[in-house]
Amino acid sequence: MTETAPGVRPAGAAAPEGTGAGTEHTGGLWADGWAQLRRRPLFWIASALIGVLLLMALFPSLFTSVDPQAADLALSGADPSPDAIFGRDLQGHDIYARAIHGAAPTLTVGLLASLGTVVLGSLAGLAAGYVGGWGDSLISRFAEVFAGLPFILGGIVILTTFNKPGQIVGEVRIITQVVLTIVVLSWPLAMRIMRAAALEATQQDYVKAARALGAGPWRIVGRHILPNTLAPVLVFATIQFGVFIGAEATLSFLGIGLRDPVVSWGVMISEAQERVADIPQALFFPAAFLVVAVLAFVMLGDAVRDAFDPRGR
Amino acid sequence: MAAPLLEVDDLRVEFGTGPETASVLNGVSYHVDEGETLAVLGESGSGKSVTAQTVMGILDTPPGRITGGAVRFRGEELLGAAPERRRLLRGESMAMIFQDALSALNPVYTVGFQIAEQFRFRRGMSRRDAMARAVEMLDLVRIPSAAQRVKEYPHQFSGGMRQRAMIAMSLALDPELLIADEPTTALDVTVQAQIMELLDELRRERGMGLILITHDLGVVAEVADRIAVMYAGRIVEQTDAASLYAHPAHPYTRGLMDSVPRVDDLGRGAGAPLRPIPGLPPSLSAIPNGCPFHPRCAYAVDVCTDEVPPLREIGAGHRAACHFAERFAAEGPDRPATQEVISR
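First to last, the protein sequences are chains A and B. Residues in the first sequence are numbered consecutively from 1, following full-length UniProt numbering. Residues in the second sequence are numbered consecutively from 1, following full-length UniProt numbering.
Here chain A stands alone, though its shape is the one from the complex (with noise of 0.2 Å):
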């Protein structure tokens, strides 16, 4: 599969690609995917965005040296003012240093469960729609079975059944459930998308041309397929990043995601929801960091869709 694996790579990876492959013009997919992108501002705000989120999730204290589970009641509810610049929660949290320790769990939940939805979608709906017949049939059956859990009754019992309800969890432990759940209720999805793309893919002159000149399967997928079909991919990835925060966000609300100690956007934005009429501050300012962390990369996304679709220039 070494030949699928670039296939994942501006999902993820497309902003520290930065090693000059654009300077030759060699004709290759990625190479002039690379230079098209150099030369788009929506790609390098996205970026900034995106490096700034980054910064705040692996170096918190750069930003913040408030310990965010410091919590003082007799603040409770406080104003924005110069000691906690955004205020305080209901528990007298400092909302701003909970919203960037917030930053990590949030976008690490968001990129491992698109990442694992697309890829594990992507190579199931690739190989459904290039096998075709049985083995088509085979793993969209599997795939209905998981798709037809409604998400919240299938979040709630794989979590309940991991763990025992109010049970004090790791925070690895905690987070690697919640992708998991997300991945597998999710994954179908992007199979879909993928099989579909792969289906027509597959029926194009270009592959049996392919074919017709000797490439064996694996160039025929990996060459000819695969590229063609990543655009909708893509695009679903960086939706679902939004979605998936918000999944999570949910999970957590119903007390079987994330929780103290762990803090996320979401958990601040399910706390926030008790008393969001006496302190709004506590659900702005969490939701804040989520519609601009959710914008850059659906930015990202569309700017990383138009640089690999030539049809599109």
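No lab work stands behind these hints: they were computed from the structure. Just so you know, even glycine gets a beta-carbon here, dropped at the ideal spot from N, CA and C. It is possible that some hints are incorrect.
Unchecked claim - Simulated restraints, written as ranges between beta carbons of each label pair:
1) E20/B / R39/A: 49 to 55 Å
2) R39/A / D10/B: 56 to 62 Å
3) I239/A / N289/B: 56 to 62 Å
4) R38/A / R127/B: 29 to 35 Å
5) A35/A / R123/B: 22 to 28 Å
6) E20/B / R141/A: 53 to 59 Å
7) R142/B / R141/A: 51 to 57 Å
8) G16/B / V157/A: 40 to 46 Å
9) G279/B / I239/A: 52 to 58 Å
10) R127/B / V292/A: 55 to 61 Å
11) G255/A / T17/B: 54 to 60 Å
12) S285/B / V157/A: 48 to 54 Å
Chain A is already provided as a structure; the job is to place chain B on it using the hints.
Relative to chain A, chain B alone:
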């Protein structure tokens, strides 16, 4: 005599199963020698392309099913050969170009990249060397300023240029046999002539065999050495180009020739009617008894509805599948054929 470059022997292909089974090829036989152009002529659905795809080994199975016959390349039987062996032959020994070059070229790669791919994967060349060879190939097919065009995408090429690029791609590995599946159908007439000329020149330069699939009699007239006419999955007539035009021995061939509008028809006044072959080709899941052409044949008599006429030799290298082939051949193409021909 050595084995011909390519020999198709009694090839039979069906599509579908049960009562829906369509017999797409019902015993097709032809051969091509080195440096020779064989034109395969027929209407849509006559099985021309299916034969070509079966030869190349790119027929989709299912729904297709090869039920009999043989395909031999330089005497080597291909239908039973290992898939890997056949894959290696493709591109290297036999290649194919398609009717619509726009959809036959991958839209996400530059033209040069797609040609270079052959050299990189099959010859192990470096990216740079392969690209240089791609420029040479584009030069070979007379694309002006090839060094620049090599970096462009298929959609930036004109129709004729795309077909040239497709030819360059097919010839990259120097195949001995090129199958051109209606290479000029999607092009306008002046470009058609250029592409045909190019194919003819390349064939001569490289001494390769060329199978030219077309439904256009005019296209093949100048370049074909031999012509095979197909109808309903059978070869109905096969001979050298000159005798086909001088002595068409099958009413279907004759009908094809008559249906070509001619400039001298204008002399008969505006609105001189075209002379199409009446009716439609038979459904391949219900081919009529007897001669498959009899429902559309103006000369059909009782024997035509009962007996399938075999493809038989009626002259030197001239074979036809009509009960009255000799009489038609003797008539020549221009006499208005009448029922008398066979009632004599």
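How the hints compare with the structure:
no. : hint                        : verdict
1   : E20/B / R39/A: 49 to 55 Å   : holds (54 Å)
2   : R39/A / D10/B: 56 to 62 Å   : holds (59 Å)
3   : I239/A / N289/B: 56 to 62 Å : holds (60 Å)
4   : R38/A / R127/B: 29 to 35 Å  : violated (21 Å)
5   : A35/A / R123/B: 22 to 28 Å  : holds (27 Å)
6   : E20/B / R141/A: 53 to 59 Å  : violated (25 Å)
7   : R142/B / R141/A: 51 to 57 Å : holds (53 Å)
8   : G16/B / V157/A: 40 to 46 Å  : holds (45 Å)
9   : G279/B / I239/A: 52 to 58 Å : holds (54 Å)
10  : R127/B / V292/A: 55 to 61 Å : violated (40 Å)
11  : G255/A / T17/B: 54 to 60 Å  : holds (56 Å)
12  : S285/B / V157/A: 48 to 54 Å : holds (51 Å)
In summary, the structure is inconsistent with hints 4, 6 and 10 from the numbered list given earlier, while agreeing with the others.
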